[in-house]
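*Asks:* Taken in order, these protein sequences are the chains called Y and R.
Residue 1 is where the first sequence starts when you use the numbering used here, and the numbers rise one by one after that.
Residue 1001 is where the second sequence starts when you use the numbering used here, and the numbers rise one by one after that.
The set of hints was computed from the structure by calculation and includes no laboratory data.
All C-beta atoms in this analysis are idealised placements derived from N, C-alpha and C, irrespective of residue type, glycine included.
Among these hints, one or two may not hold up.
Going by beta-carbon spacing under 8 Å, a handful of chain Y positions derived as facing chain R [to be verified]: (1) 17; (2) 38; (3) 136; (4) 137; (5) 231.
Computed footprint of chain Y on chain R; a stretch qualifies when at least three of its residues, placed anywhere within it, have a C-beta under 8 Å from a C-beta of chain Y [as the list claims (entries may be wrong)]: (6) 1030 to 1038; (7) 1046 to 1057; (8) 1101 to 1113; (9) 1133 to 1143; (10) 1178 to 1186; (11) 1232 to 1244.
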Amino acid sequence: MSKRRVIPGYGLTMGFSVAYLSLIILIPLAALFLTAAGLGIAEWWSILTSPRVLAAARLTFGASAAAAGVSVVFGMLVTWVLVRYRFPGKRLLDAMVDLPFALPTAVAGITLTQIYAPNGWIGGYLASFGIKAAYNSVGVFIALTFIGFPFVVRTLQPVMEDMGKEVEEAAATLGAGRWTVFWRVIFPLLVPALITGFTLAFARAIGEYGSVIFISGNLPMKTEILPLLIVVQLEQFKYEAAAVIASGMLIVSFALLFLINLLQRRLDWQNR
Amino acid sequence: MANQSVTTESPLVRWLLILAAVGVLTLFLLLPLFAVFAEAFRRGWEVFLESLHEDAALSAIKLTLLAAGVSVPMNLLFGLSAAWLVTKFRFRGRAFLLSLIDLPFAVSPVIAGLVWVILFGARGWFGPWLAEHDIKVIFALPGIILATVFVTFPFVARELIPLMESQGSDQEEAAVTLGANGWSIFWRVTLPNIKWGLLYGVLLCNARAMGEFGAVSVVSGHIRGKTNTLPLHVEVLYNEYQFSAAFACATLLAFLALVTLGLKSLLEHFSGQKSGGGH
Chain Y
1 MSKRRVIPGY
11 GLTMGFSVAY
21 LSLIILIPLA
31 ALFLTAAGLG
41 IAEWWSILTS
51 PRVLAAARLT
61 FGASAAAAGV
71 SVVFGMLVTW
81 VLVRYRFPGK
91 RLLDAMVDLP
101 FALPTAVAGI
111 TLTQIYAPNG
121 WIGGYLASFG
131 IKAAYNSVGV
141 FIALTFIGFP
151 FVVRTLQPVM
161 EDMGKEVEEA
171 AATLGAGRWT
181 VFWRVIFPLL
191 VPALITGFTL
201 AFARAIGEYG
211 SVIFISGNLP
221 MKTEILPLLI
231 VVQLEQFKYE
241 AAAVIASGML
251 IVSFALLFLI
261 NLLQRRLDWQ
271 NR
Chain R
1001 MANQSVTTES
1011 PLVRWLLILA
1021 AVGVLTLFLL
1031 LPLFAVFAEA
1041 FRRGWEVFLE
1051 SLHEDAALSA
1061 IKLTLLAAGV
1071 SVPMNLLFGL
1081 SAAWLVTKFR
1091 FRGRAFLLSL
1101 IDLPFAVSPV
1111 IAGLVWVILF
1121 GARGWFGPWL
1131 AEHDIKVIFA
1141 LPGIILATVF
1151 VTFPFVAREL
1161 IPLMESQGSD
1171 QEEAAVTLGA
1181 NGWSIFWRVT
1191 LPNIKWGLLY
1201 GVLLCNARAM
1211 GEFGAVSVVS
1221 GHIRGKTNTL
1231 PLHVEVLYNE
1241 YQFSAAFACA
1251 TLLAFLALVT
1261 LGLKSLLEHF
1271 SGQKSGGGH
């Protein structure tokens, strides 16, 4: 602090950055929390624990956790193959992993619905086994897996790329089989990245809206997700109720963000 | 072979894993992409072109370009300013500021729209005042821009900060010693060093701005031909069971996604680095 600042622009960038951050992010979020708090803690809690909100919360968190879990399994497989093996079309597939980031969520939503609906390409096939994959919680899970999958791959990829083969060679020299090497040597090194990837995918899934609402069917108490419930409240001009649900979601999201930052710091430290 | 097999799998296992991974990616990522185009052209070229020439579609395209055209430069300016601030100076609260920049990533798009409704909606804090002065924010262009700015807020800053941090300030300090002023340091020293990262951030910011659905949906009011952006127009058509038209408009957005991915790979190739996950 005592050192004189050599490079110019401190005042200007400090002033502009803080003003812009406050106007666009902080003041609007504060307004939301104040509106929610204006109802008082008892009313706040009774809205959050009303049956419809609880049902939506159960679906949102349950489907998000399941989707993030499946993303971790698929993500590990895909990352392993992309990092360790050479095969034709590899660079194209690597680039395509980011498709769910780049594809607008509404497009993902209507397309996944079209594919997994009972008369769709995959949905029709599943229907012949009596599995319904759209307009129910399975549909929500499918959409959230699509959205969360790239987070796992992109978190895992740098860790796998930087992993030296020395430990594997050492393990093999000591007589460990390939399977043992993977589970006892490689996998433990990947665990922090896997947890980070899971948390990122989970956090994104909780707030996801566009890709879910087409495939979910949106039945109250059954297939409503939390973000949709906010929209429903707004359509009835119940700003306070919407703010209460949003404040509950934000508390969870900010806790997750804090956790992600801790995990990321650990990951950076491990990669150093 | 015998030597190499210590740290790799047998060819059979290897090919089975490759097959499984390619299968997952094809079924899960490529099939939806293919489906967008297949559905759009199901009823032929004419229906496809007609759906895009519709007045409502054209005005949706215009609105999308306008919203992105305003919000991307705003966040670009913030990105540059914030990156300069946190990488060239050390000050109290710097770590806190860094985590605040990431905050919008943890906010659901619907909530990013909701905050503006609470401030400027008919029943919102400034709603009555705005109504008195006949200013429309919600269900109008300003609201759409504000919602878009909120969700795309961190993109440019997030690319620039790690890049400028890793480059250090030696060159800028040298320029100061030689008597250069702030602007010329920025234009002649910093900008050439960060141009690829900057483009990368703008690219991701733009893709999200043009494709944003949830946040914009909350503030737009879905007034056809007026406040529908392209993603909202897709939703309206789909809900009216005009599937071919909905998917025809969706191909524009899918095409945008493909161009973004292509340019992204190209920029990664040029700058020789890959961005971390977490967008």
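*Asks:* Going through the numbered hints above, which ones does this structure break? Give me the numbers in ascending order.
*Replies:* Going through the list in order, the structure violates hints 2, 3, 4, 7 and 9 and respects the others.
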